[in-house]
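Chains A and B are the protein sequences, given in the same order. Okay, so the first sequence: first residue is 1 according to my numbering, each after it adds one. Okay, so the second sequence: first residue is 1001 according to my numbering, each after it adds one.
Note that these hints are calculated values from the structure, not bench results. The beta carbon of each residue, even a glycine, is placed where N, CA and C say it ideally should be.
Take a look, some chain B residues computed to stay more than 10 Å from chain A by CB distance:
#, residue
1, L1056
2, D1069
3, E1085
Okay, the calculated beta carbon distance ranges per label pair:
#, chain 1, residue 1, chain 2, residue 2, range
4, A, S159, B, T1032, 36 to 46 Å
5, B, Q1074, A, R82, 42 to 52 Å
6, A, G143, B, S1066, 24 to 34 Å
2 protein chains.
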Amino acid sequence: MMKLYEYNWQVRKEWFDWCDAVTEKELLKKRTGGKGGILYTLFHIVDVEYSWISGLQGKPEPQEPSFEDYANVQKLRDYSARCHEEIASFIYTWNSSMETLILADENATDESESFKYGEIMRHVLAHEIHHIGQLSVWSREVGKQPITANFIRRGLFDS
Amino acid sequence: MMKLYEYNWQVRKEWFDWCDAVTEKELLKKRTGGKGGILYTLFHIVDVEYSWISGLQGKPEPQEPSFEDYANVQKLRDYSARCHEEIASFIYTWNSSMETLILADENATDESESFKYGEIMRHVLAHEIHHIGQLSVWSREVGKQPITANFIRRGLFDS
Chain A
1 MMKLYEYNWQ VRKEWFDWCD AVTEKELLKK RTGGKGGILY TLFHIVDVEY
51 SWISGLQGKP EPQEPSFEDY ANVQKLRDYS ARCHEEIASF IYTWNSSMET
101 LILADENATD ESESFKYGEI MRHVLAHEIH HIGQLSVWSR EVGKQPITAN
151 FIRRGLFDS
Chain B
1001 MMKLYEYNWQ VRKEWFDWCD AVTEKELLKK RTGGKGGILY TLFHIVDVEY
1051 SWISGLQGKP EPQEPSFEDY ANVQKLRDYS ARCHEEIASF IYTWNSSMET
1101 LILADENATD ESESFKYGEI MRHVLAHEIH HIGQLSVWSR EVGKQPITAN
1151 FIRRGLFDS
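The following block holds chain A by itself, in its conformation from the complex (with noise of 0.2 Å):
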């Protein structure tokens, strides 16, 4: 599980600084499917992992956020980076004995909504995949060559 996570977090931060080399108006430009831009999805990954990890850490709901406020790559890269360092230690002491933990959703109306701790930690892993995956069909719309998606060769198994 952490190493998948450890991955996310690699290419989200590569992905980051592609978007250095890339005009505002292209990150901020509405585009088709997903999210609807480059720039507001990364804020989402963000925001998805950060609000359903604090949940399975016990904590409340975070206020929402609001992208206006993170609507710049070294903003949105300091935003990351300060919800990173909040959840990591929970992803860090994540092991087989929480799997079946129980997280009820607060805000469901149907309240036979909740969730085991392994499928929410598994639905923000498949959550920012897919989403980098939309990322990089837009990065060839904007002529740039998209970050890698591949989990191997990044040396996440080096001893």
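Place chain B on chain A using the hints.
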């Protein structure tokens, strides 16, 4: 690990069904980014999973399939099912003792190119999710709603 593979297989099946309602012209149309087309991407996903997992199973490298033989939804669905039958048992018997087994890439020009089994297993997982993200953008170009990428609410953690 197994749950994320099951997720991929479930999502892939839903995309095949999605394809049934889309014209062959749209499915084969050349698109920007990724592998350049909807049906070819699904073919590539099947091929990559099958090749890598065959390697982990100790089987010889499968003969490279030709997309022309599967450039139709039903043919591709059948091909995916045949590959799945060959590899599923390996995924279901996966356990942590296999993480650090070594797969040497016989085709690598660099002799040092070898991978841990755990690395390959995650590479294949992330590979499919990433490419499905690309399909989700293209589905909006076709004017259709994409298959949900949600891991939650799929019954994958129902006991």
